[in-house]
Amino acid sequence: MTNASIVPAVIHEVPLQYYVFFATALFCIGVTGVLIRRNAIIIFMCIELMLNAVNILLTAFAAYRADPNGQIFVFFIMAVAAAEVAVGLGIIVMIYRNFQNTDVNLLNRLKG
Amino acid sequence: MQETVLPGATAPFSTLLYLLIPGLPFLGFLVNGLLNKRLSGTVAGALGTLTVLGSFLLSVFLFVNFKYQYTVSLFDWISVGSLQIPFSYQIDQLSLLMLLLITGVGTLIHLYSIGYMHHDENVGKFFSFLNLFVFSMLILVLGANFVILFIGWEGVGLCSYLLIGFWNKHTSYNNAAKKAFIINRVGDLGFLLGIFLIYLTFNSVQYGEVFQKAHLSQFGNYGVGVCTAITLLLFVGAMGKSAQLPLYTWLPDAMAGPTPVSALIHAATMVTAGIYLVLRANVLFTLAPQTLEVVGIIGLATALFAATIGLAQNDIKKVLAYSTVSQLGYMFLALGVMGYTSSFFHVLTHAFFKALLFLGAGSVIHAMSNEQDMRRMGGLRKALPITFLTMLIGCLAISGIPPFAGFFSKDEILSHVYEHSKVMWAIGVFTSFLTAFYMFRLLFLTFFGEFRGTEEQRHHLHESPASMTLPLIVLAILSAVGGFMGAPMFVGKHYLADYLAPIFTYSRQILPAAFTTEPEHSTELMLMGISVLVAVVGIVLAYVQYVARAQRPAEDDAQRSAPESLIYHKYYIDELYDSLIVKPVMALSTGLYKFVENGIIDPIANGVGRVTLAGGQLLRNVQTGSVETYLILMVLGIVLILGLNFGRL
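Which chain is which? The protein sequence lines are A and B, in order. All residue numbers for the first sequence refer to our numbering, where the first residue is 2 and numbers rise by one. All residue numbers for the second sequence refer to our numbering, where the first residue is 298 and numbers rise by one.
Chain A extracted, bound-state conformation (with noise of 0.2 Å):
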């Protein structure tokens, strides 16, 4: 017995590849965000975007493979992404205090 064959038919409603264009849509979008924007909020959320998009890849793949790790996976990548937004914002609204602005570009006092 495959494991093909005790996925529910419900879900080959939606064909596979669907979900692969549409998460490489999803991420691409979110890289052009990340390069292009100059707004650290709206970086972040582009980040956001990305991860987002793998994780509905992760979530395609397991359901059609009757696999549920990739679906643990998920749920992993969300508490680490939520834990991250919770610094990463927490940097942001310090540099807003500092700067009265989050325009990353402002931000190049490392420069060597």
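Simulated from the structure, these hints should not be mistaken for laboratory data. We treat Cβ as the ideally placed atom computed from N, Cα and C, and that holds for glycine.
Every beta carbon over 10 Å from chain A, so not counted as near; a handful from chain B, in silico:
1. 374
2. 475
3. 605
4. 771
5. 830
6. 873
7. 911
Only part of the chain B face toward chain A is listed, based on derived beta-carbon distances under 10 Å:
8. 917
9. 920
10. 921
Label-pair restraints from in silico Cβ distances:
11. A:91 <-> B:922: 20 to 28 Å
12. A:55 <-> B:910: 39 to 47 Å
13. A:106 <-> B:914: 19 to 27 Å
14. A:90 <-> B:928: 13 to 21 Å
15. B:914 <-> A:55: 37 to 45 Å
16. A:81 <-> B:903: 47 to 55 Å
17. A:77 <-> B:903: 51 to 59 Å
18. A:80 <-> B:937: 25 to 33 Å
19. A:109 <-> B:903: 31 to 39 Å
20. A:91 <-> B:910: 36 to 44 Å
Following the hints, position chain B against chain A.
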């Protein structure tokens, strides 16, 4: 008396006894050295003196109980392949007499130093070096092979360096110390090469084996000629240590050290090492007549040369220093004509009167508040009666006036030389005349006439304390009667020659003639008469010039005739060495510094630094500090890695 050498005979006493003889001074060195500042001067001095006295008493014990020659094996020291060098002592007539001399005279000098160094701030350091000096010298004479001899040899070199530069307040003192060290190094190189050659030839450095093989003419593949090479190399070493031409210039400079050190170097330790070496290796030298000829000629030249310089010196210690060089020349002259015993006889008597003279000079310097120039002395006879009387005995002894010690030894040397060559004898006698003249010049300038020092010095004049006069008196007695150990015509027996005979067993077998011929009685009397006459003439001349006419040596800047000036400036030998050796070496090192150091090595070192720095400057442009750049680079990097991985697939 046992005639043969018994290298295998076992030592009759516990090993501890043999360890203690050099061990005690070494202990003194350690304690005084480690507790340098914590011991008071008196304690340090007492410790230093008592340890040497202890060695002396042990040596006397060995001497009294001595029956036959033997070696004491202490431990296996170096054992590599066929090279076996045990750490062992040689106990025989020669080493025993040297032990007595070193520790006996050494004790007196230590005792004297307590008084002399009383005011110095580093008494502990001084006594620790002095003890180390005695220790090294004892190792030198006790060793049963050439390597141990070399350890002691280097040890005394080191100690002379430490002690000559003891008052390291002036650069000139340090330079004198360095000079002694470096010139000795030249000699040591010869000695070391000699040891290598000995090992190569005889496959051993142990005295017993080497001499036995040499005696049986087992020179391996090399032939007898190698013996000449060995002895010449050994003699180069001896030339350095015993201050012979042309390696003598360090000895007069060594006067920079405290006076007891001069006495120790000149009388009991360092400079006798060269004579000891030749005596020890007498078999080899007997087998190499060419070397002996060289030894004799260099000895005679040194004796005459140094004596002429001694005529014009005004520093009381410098006169004595040149007289030592001259007397050492006599000893080598005696060795050169195979008068081995008479050479050693002169070592012993010279040790007595030279130690006496130096300590006497020290006593004068002490009284004169560190004045050493005889032109500023005079009339000290009344203020320093004991010093004067003892110095007088010393001067009589060194001048060769009977019955003082120097007369017998010098006369014996001269009679040996007379047998060998009349010309050399005549030069020797002339040297003896010069000796008498300059020694009494010293005595008259110092103790007779008017006092020429400052008022302050006049008030300060005092006889030295008992710790200083006692050694003077003992040495004066020895200088007065010491000659009788080798005075056949008075006591009917040459004790020293009889006692030392076993040392020269092999030499005698090789060349019996050199040991049996005795000059005819009438010839001997005539030779004696001539040398006494010559000495008396020297003394009288000195008296006429410096007492009757009350002449004073000219000041440094006075006009001098050409020969006078030549002698006064010591034949410009120092200047010659300076321009021949010192200056070229200095020029070479300056050149190397300028062209190699500054021109090649420095640019390389700095260049490496500059390249790194420039690379850093270039790379720091990448660090823009802008988040965007970093992110773009990061993404590009990821894409690159992914692209490469896709390519692999």
